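**Q** Each chain is listed here by its residues.
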Amino acid sequence: MSFVRRLTAGAPRRALWMLAALLALLLVAPPLLSKYWLSVLILVLYFAFVGQAWNIMMGFAGQLSLGHALYAGLGGYIAAGLFFHYGVGPWAGLFAGVAAAVLAGSIVGYLGFRFSLAGVYFALLTIAFSEFTRVAFDHWDWAGGSGGLFLKVERDLSDPLNLRGGPLLFYYVILALAAGTFILCRALLESRLGRYWLAIREDAEAAQAVGVPVLRCKMYAVMISAALTALAGVWNAFYYNNLFPEAAFAMGRSIEVTLAPIIGGLGTLFGPIIGAVVLTGLGEIFTDLGELVHIAGIKQIFYGVALLAIVMYRPAGVWPWLARKLGVTEKRS
Amino acid sequence: MTSDFVLSLVQAITKGLLTGMVYGLMALGLSVIFGVMRVVNFAHGELMVVGMYLTWVGFEFLQVSPIASLPLIAAIFFCIGYALQSSLITPFINRPEHQQFLLLLAIAILLVNLCQAIAGPEAHGVQLESQFDSYQLGPLVLDAVRLHAALAAIAIAALLWAFFTFTRIGKSIRAAADNHMGALVVGLDVRRLYAFTFGVGAACVGAAGALMITIIPVSPFLAVEYTLLAFVIVIVGGLGSMTGALLGGLLIGVSEAVAGLLLQPSAKSMFSFGLLILVLLLRPQGLMGRRST
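Chains as they are written, first to last, in this note's numbering: chain A, 1 to 333; chain B, 1 to 293.
There could be a bad hint or two in this list.
Sample of chain A residues lacking proximity to chain B, with all beta carbon distances greater than 10 Å (derived) [claimed, not checked]:
| # | residue |
| --- | --- |
| 1 | Arg14 |
| 2 | Leu26 |
| 3 | Pro30 |
| 4 | Phe115 |
| 5 | Val120 |
| 6 | Ala123 |
| 7 | Phe132 |
| 8 | His139 |
| 9 | Ala206 |
| 10 | Phe244 |
| 11 | Thr258 |
| 12 | Gly297 |
| 13 | Gln300 |
| 14 | Arg324 |
If the Cβ cut is set under 8 Å, some of the chain B residues that face chain A in the computed set are [stated by the list, open to error]:
| # | residue |
| --- | --- |
| 15 | Ile93 |
| 16 | Asn94 |
| 17 | His98 |
| 18 | Leu102 |
| 19 | Leu103 |
| 20 | Leu105 |
| 21 | Gly120 |
| 22 | Ala123 |
| 23 | Val258 |
| 24 | Gly260 |
| 25 | Leu261 |
| 26 | Leu262 |
| 27 | Pro265 |
| 28 | Met270 |
| 29 | Leu280 |
Residues from chain B that face chain A, not an exhaustive set, calculated with beta carbons under 8 Å [unchecked claim]:
| # | residue |
| --- | --- |
| 30 | Ala117 |
| 31 | Gln127 |
| 32 | Leu159 |
| 33 | Val224 |
| 34 | Ile277 |
By construction, these hints were calculated from the structure, which means they are not laboratory data.
Since the model is a prediction, treat every value here as computed from it, not as a measurement.
Heads up, the beta-carbon is just placed ideally off N, CA and C, and yes, glycines get one too.
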């Protein structure tokens, strides 16, 4: 139990009870939910999961990546391609997908950090790699080219070993991923590596001066973040059963990943989760509103206004403010 | 056979050079804004698309030719840029990069979707009378539309250079860019200068939009592509360098045209992004940029 005690040390008792209640609710609720609400909840968990993955790199280690679609796309494409061409199940295929994403992340990270690109320049490098890969996949026949890669949809088939089945299966898989990553993030933050990351985020030069292995720590951040994002990509590919380079590697996909943690609160544990709830909730409300007025793009206009309001009035994110309201202020890490 | 190939290559290069001038003007706007305020305008392509839409509206409903409406478009964009900077962006000048990014992303989403809500998702083009005219230059054929657009872009870039070199306010902006604290000390109104700078940058991209609509039809989906393109050009040329932005525009214009000729046209952006990666790694200050200290 010492592991559990270490993870929960310093957290307010009230917060732990709330967390336990939330997890219990998420475990038992799905069979009671309608199809629509289940799909919304799945979206929330998906964005919470990728948000946490991205947050490791930006929120913890302070490296702005706007090219995370690269890792999700590689993970998804490789696992789906292996399944499609050779019948290799995703539980095996994900290792190849994750390996490819970690390799890509190491290349992007190593080049960026070694040539000391920081801030916007590093972000542009990540965009460039992601876009480069998008165009490459457009012309790669094995991956279906620009016409896309489609997995067979068998509605009634339940084959969890090949990640084939109904929404409930995908729900529990993404719940496990999101919850596992939450615990992983907490453990990372409490570890030596996590402390190093925070030091690098606050002042990389000072960290270097006191002996933090800056390059190595940054590399770990990219690799862990890329690996988790690749898992999200695999899940995404098998949930939606189709992959297009224009969507999988799109700039929009990379941006989408960043929104939940930024809106929720960068560098916090709960930020990406709260951000995912806010984002998905707003998205669903605006879709409904958009159907009322029938104007192309109206949903995005609402969305833009909401983003503008959040960044102007809650620039540090929703979670730090909400935590104060709930009386569960996290140690700001 | 080979002489045919050489001719079509030269043809593609000239076409790329002409389009590249307009790209350069677009990138100039981004470069000016970044060079002075260190704010990365993630809504740049969206502004470009708004400029294209405005010009299209003027042509379609008021029968004003793009070249004639250009000064007005530039003036409107100056005001838009000035207002954007002084209302929304000023509070974010000293905030972390990711907050600026989110702010400009929200602005970008609003701009492009307002265009889509008003004009619809389909493409709109401008049919000029000079559409099919061309100038013969030896064996070379120059597109009249492209040539006019390129000449206009050069003229505007020259105006911009004169503005930054000779006018008092242009010099003050450069002073504020070089040394923010120093500018404050000698009593420059830096906030107003910043708003002015964003206005000038927006006017550039608005004018580029007015020229670009004569070359290709506008649709909302172009916006992200142009934002990325402007980044590529500016980084390749050197962020904050005016000649760099123009040169980068020419380089990307030519490389796109040549890649479109030699490879599949859809693979042309791979070339640009490859170039971006190389420049970022080997010469992050850009081809014409000075290494920052």
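**Q** Please go over all the hints and tell whether each is borne out by the structure.
**A** Verification of the hints:
1. Arg14: holds, 30 Å
2. Leu26: Fine: 28 Å to the nearest Cβ keeps A/Leu26 off the interface.
3. Pro30: holds, 32 Å
4. Phe115: Contrary to the label, A/Phe115 does not stay out of reach of chain B, its closest Cβ about 5 Å off (not over 10 Å).
5. Val120: About 5 Å separates A/Val120 from the closest Cβ of chain B, which leaves it inside 10 Å; violated.
6. Ala123: Violated: least Cβ distance 8 Å, not greater than 10 Å.
7. Phe132: violated, 4 Å
8. His139: violated, 6 Å
9. Ala206: holds, 18 Å
10. Phe244: Fine: 14 Å to the nearest Cβ keeps A/Phe244 off the interface.
11. Thr258: At roughly 8 Å from the nearest Cβ of chain B, A/Thr258 sits no farther out than 10 Å, so the non-interface label is violated.
12. Gly297: Given a closest Cβ separation of 4 Å, the condition is violated.
13. Gln300: violated, 4 Å
14. Arg324: A/Arg324 is indeed farther than 10 Å from all Cβ atoms of chain B, at 20 Å.
15. Ile93: violated, 13 Å
16. Asn94: violated, 12 Å
17. His98: holds, 6 Å
18. Leu102: holds, 5 Å
19. Leu103: holds, 5 Å
20. Leu105: holds, 7 Å
21. Gly120: Result: holds, 6 Å to nearest chain A Cβ.
22. Ala123: Where the cut-off is 8 Å and the nearest Cβ of chain A is about 14 Å from B/Ala123, the hint is violated.
23. Val258: Given a least distance of 16 Å, the restraint on B/Val258 is violated.
24. Gly260: Cβ of B/Gly260 sits 13 Å from chain A, so the hint is violated.
25. Leu261: With Cβ-Cβ at 17 Å, over 8 Å, it is violated.
26. Leu262: violated, 14 Å
27. Pro265: violated, 11 Å
28. Met270: It holds, given that the least Cβ distance between B/Met270 and chain A is near 4 Å, below 8 Å.
29. Leu280: holds, 5 Å
30. Ala117: holds, 5 Å
31. Gln127: violated, 24 Å
32. Leu159: Violated, about 28 Å.
33. Val224: Status holds, d = 6 Å.
34. Ile277: holds, 5 Å
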